[in-house]
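Asker: The residues making up each chain are set out below.
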Amino acid sequence: MLLPSPSELCWGIKLPPEQKWLEKAIHFAVSNIWQRAHRIARSQLGDESQTLEMIEIAIGKAVDRLQLNSQASPEEVTQLLERLYLQEVRHRRKANNRIVLVGASEDLSSTSTHHPQSLVDSAIDLDIILQNIPPEVRFALLLRYSQSRWNEIAAVLGTTEASIRLRCKRALNRIRQKLEDKKHGL
Amino acid sequence: MTVAIADSIGKDAVAENQTFPLDEDNDTLLFEKLQEHVLAHYPNPERKGCPDPAVLKSLIETPGEVTLAALNDLHIFKCAECTRLLMELRQQKKHEASE
Chain D
1 MLLPSPSELC WGIKLPPEQK WLEKAIHFAV SNIWQRAHRI ARSQLGDESQ
51 TLEMIEIAIG KAVDRLQLNS QASPEEVTQL LERLYLQEVR HRRKANNRIV
101 LVGASEDLSS TSTHHPQSLV DSAIDLDIIL QNIPPEVRFA LLLRYSQSRW
151 NEIAAVLGTT EASIRLRCKR ALNRIRQKLE DKKHGL
Chain L
187 MTVAIADSIG KDAVAENQTF PLDEDNDTLL FEKLQEHVLA HYPNPERKGC
237 PDPAVLKSLI ETPGEVTLAA LNDLHIFKCA ECTRLLMELR QQKKHEASE
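Going down the list, the sequences are from chains D and L. Residues in the first sequence are numbered consecutively from 1, following the working numbering. Residues in the second sequence are numbered consecutively from 187, following the working numbering.
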């Protein structure tokens, strides 16, 4: 899969004309932290698959904070974005630790799918996968789960099929990955 | 895919240019697997946090009238009982449609 460019990560930013500087500053900041963000995700979380999502979350938080500050320089925006990104990495590392540190490794071979601890782990897994998903995407996933077709879901949400599928894509990929991991006993 | 950072290009315009390598059938398979996963891992015999069955029925028949709050957010993804009821309601709807 081709990775999106830093520009593509900023596509969701919509600001009034007087705040165009912020869009440029965010784009500059994303480009600056791009490589480092991937390295951090690899070293702290063990893989890079969550990097894009974590950058998007950091962008959202940075925009919220910077809308009140018209004096921030591109360098300051970069620092803020990096700080918020690291915050998200720490948050996920703690969440991962909560999962990883449950029980002892020798218990794993005897753990059945109906073991109470396994049930708790599964719940945590899905909670992590689905955390921070916007309400519209949550609702779309529920509708798809109830076997509505994408064109029907788009009609219910008042958007286009392509748009809602794009918005659900990341969550679906993560669910797909999780189910694959479970299948292979990871 | 070319996406501008701002200007007048919105999410929908961007999305129209997006291609989806996974077709709807593959999505269907994914949701079937998810359903199996929920049935196996999320038993809820006491039906804690379950939405009213009427809400699930509406989700199948008139989804535009259902709210996320009425569904108790993503509860269904963590409840084998609700998933089972949804499956029954879907079968019922298919059966009625075929008559």
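Treat the hints with caution; some may be incorrect.
Under the rule of at most 25 Å between Cα atoms (straight-line distance), these lysine to aspartate or glutamate pairs were calculated in the DMTMM-like manner [claimed, not checked]:
| no. | chain 1 | residue 1 | chain 2 | residue 2 |
| --- | --- | --- | --- | --- |
| 1 | L | Lys243 | D | Glu152 |
| 2 | D | Lys169 | L | Glu282 |
| 3 | L | Lys234 | L | Asp213 |
| 4 | D | Lys169 | L | Asp259 |
| 5 | D | Lys61 | D | Glu88 |
| 6 | D | Lys20 | D | Glu82 |
| 7 | L | Lys280 | L | Asp213 |
| 8 | D | Lys169 | L | Glu285 |
| 9 | D | Lys178 | D | Asp47 |
| 10 | D | Lys94 | D | Glu75 |
| 11 | L | Lys280 | D | Glu152 |
| 12 | L | Lys219 | D | Glu161 |
| 13 | L | Lys234 | L | Glu218 |
| 14 | D | Lys61 | L | Glu267 |
| 15 | L | Lys279 | L | Glu267 |
| 16 | D | Lys178 | L | Glu251 |
| 17 | L | Lys243 | D | Glu180 |
| 18 | L | Lys280 | D | Glu161 |
| 19 | L | Lys219 | D | Glu180 |
| 20 | L | Lys219 | D | Glu76 |
| 21 | D | Lys169 | L | Asp213 |
| 22 | L | Lys279 | L | Glu218 |
| 23 | L | Lys219 | D | Glu82 |
| 24 | D | Lys178 | D | Glu56 |
| 25 | D | Lys178 | L | Glu222 |
| 26 | L | Lys243 | L | Glu274 |
| 27 | D | Lys178 | D | Glu88 |
| 28 | D | Lys61 | L | Glu274 |
| 29 | D | Lys169 | D | Glu136 |
| 30 | L | Lys279 | D | Glu161 |
| 31 | D | Lys169 | L | Glu218 |
| 32 | L | Lys219 | D | Glu56 |
| 33 | D | Lys61 | D | Glu76 |
| 34 | L | Lys243 | D | Asp47 |
| 35 | L | Lys234 | L | Glu222 |
| 36 | D | Lys94 | D | Asp47 |
| 37 | D | Lys61 | L | Asp259 |
| 38 | L | Lys279 | D | Glu152 |
| 39 | D | Lys169 | D | Glu180 |
| 40 | D | Lys61 | D | Glu18 |
I should point out that these hints are in silico values taken from the structure, not numbers from a laboratory.
Asker: Hint by hint, say whether it matches the structure.
Answerer: For each hint, the structure was consulted:
Taking the CA atoms of L:Lys243 and D:Glu152, the gap is near 16 Å; set against the 25 Å cutoff, the hint holds. Taking the CA atoms of D:Lys169 and L:Glu282, the gap is about 32 Å. The hint is violated against a cut of 25 Å. With a CA separation close to 29 Å, the supplied pair L:Lys234 and L:Asp213 exceeds the 25 Å bound. Distance hint between D:Lys169 and L:Asp259 is fulfilled; the C-alpha atoms sit about 19 Å from each other, no more than 25 Å.
Between D:Lys61 and D:Glu88, the direct Cα distance comes to roughly 10 Å. Compliance with the 25 Å bound is thereby established for this hinted pair. Between D:Lys20 and D:Glu82 the alpha-carbon distance is near 21 Å, which keeps this suggested pair within the 25 Å criterion. Simply put, L:Lys280 and L:Asp213 have alpha-carbon atoms about 20 Å apart, close enough for the 25 Å limit, and the pair holds. For the hint linking D:Lys169 to L:Glu285, the alpha-carbon distance of about 36 Å lies beyond 25 Å, and the restraint is violated.
Distance restraint check for D:Lys178 and D:Asp47: the Cα-Cα separation of roughly 14 Å lies within the 25 Å cut-off, and the hinted pair is therefore satisfied. Between D:Lys94 and D:Glu75, the direct Cα distance comes to roughly 29 Å. Violation of the 25 Å bound is thereby established for this hinted pair. Of the supplied pair hints, the one linking L:Lys280 and D:Glu152 holds, its CA atoms being roughly 16 Å apart against a limit of 25 Å. At most 25 Å may separate the alpha-carbon atoms for a hinted pair to count; L:Lys219 and D:Glu161 meet this at roughly 23 Å.
Our distance criterion of 25 Å between C-alpha atoms is met by L:Lys234 and L:Glu218, whose separation comes to about 23 Å. Distance check on the hinted pair: D:Lys61 and L:Glu267 sit about 37 Å apart at the alpha-carbon level, beyond 25 Å; violated. This hinted pair checks out: L:Lys279 and L:Glu267 have alpha carbons roughly 18 Å apart, not beyond 25 Å. Restraint check for D:Lys178 and L:Glu251: not satisfied, since their Cα atoms lie roughly 31 Å apart, outside the 25 Å limit.
Annotation: proposed proximity of L:Lys243 to D:Glu180 is violated, straight-line Cα distance about 31 Å (limit 25 Å). A threshold of 25 Å between alpha carbons decides the hint, and for L:Lys280 with D:Glu161 the separation of about 23 Å falls inside it, so the pair holds. With a C-alpha separation of about 10 Å, the suggested pair L:Lys219 and D:Glu180 falls inside the 25 Å cut-off, and the hint holds. A threshold of 25 Å between alpha carbons decides the hint, and for L:Lys219 with D:Glu76 the separation of about 46 Å lies outside it, so the pair is violated.
A threshold of 25 Å between alpha carbons decides the hint, and for D:Lys169 with L:Asp213 the separation of about 10 Å falls inside it, so the pair holds. Distance restraint check for L:Lys279 and L:Glu218: the Cα-Cα separation of roughly 18 Å lies within the 25 Å cut-off, and the hinted pair is therefore satisfied. Restraint check for L:Lys219 and D:Glu82: the C-alpha separation of about 37 Å exceeds 25 Å, so the hint is violated. For the hint linking D:Lys178 to D:Glu56, the alpha-carbon distance of about 21 Å falls within 25 Å, and the restraint holds.
Among the hinted pairs, D:Lys178 with L:Glu222 is consistent with the structure: their alpha-carbon atoms are about 13 Å apart, no more than 25 Å. Our distance criterion of 25 Å between C-alpha atoms is met by L:Lys243 and L:Glu274, whose separation comes to about 10 Å. Restraint check for D:Lys178 and D:Glu88: satisfied, since their Cα atoms lie roughly 20 Å apart, inside the 25 Å limit. This hinted pair does not check out: D:Lys61 and L:Glu274 have alpha carbons roughly 42 Å apart, beyond 25 Å.
Note on D:Lys169 and D:Glu136: the hinted pairing holds, with a Cα-Cα distance of about 13 Å set against a maximum of 25 Å. For the suggested pair L:Lys279 and D:Glu161, the alpha carbons sit about 23 Å apart, so the restraint of at most 25 Å is met. As the CA atoms of D:Lys169 and L:Glu218 are separated by approximately 17 Å, the hinted pair is consistent with the 25 Å bound. For the hint pairing L:Lys219 with D:Glu56, the CA-to-CA distance comes to about 28 Å; that exceeds 25 Å, so the pair is violated.
This hinted pair checks out: D:Lys61 and D:Glu76 have alpha carbons roughly 14 Å apart, not beyond 25 Å. Taking the CA atoms of L:Lys243 and D:Asp47, the gap is about 41 Å. The hint is violated against a cut of 25 Å. Proposed proximity of L:Lys234 and L:Glu222 is supported: the alpha carbons are some 20 Å apart, at most 25 Å. For the hint linking D:Lys94 to D:Asp47, the alpha-carbon distance of about 15 Å falls within 25 Å, and the restraint holds.
Between the alpha carbons of D:Lys61 and L:Asp259 the distance comes to roughly 23 Å, so the proposed pair stays at or under 25 Å and holds. Distance restraint check for L:Lys279 and D:Glu152: the Cα-Cα separation of roughly 16 Å lies within the 25 Å cut-off, and the hinted pair is therefore satisfied. A threshold of 25 Å between alpha carbons decides the hint, and for D:Lys169 with D:Glu180 the separation of about 16 Å falls inside it, so the pair holds. In summary, the hint linking D:Lys61 to D:Glu18 is supported, as the alpha carbons are separated by about 19 Å, within the 25 Å threshold.
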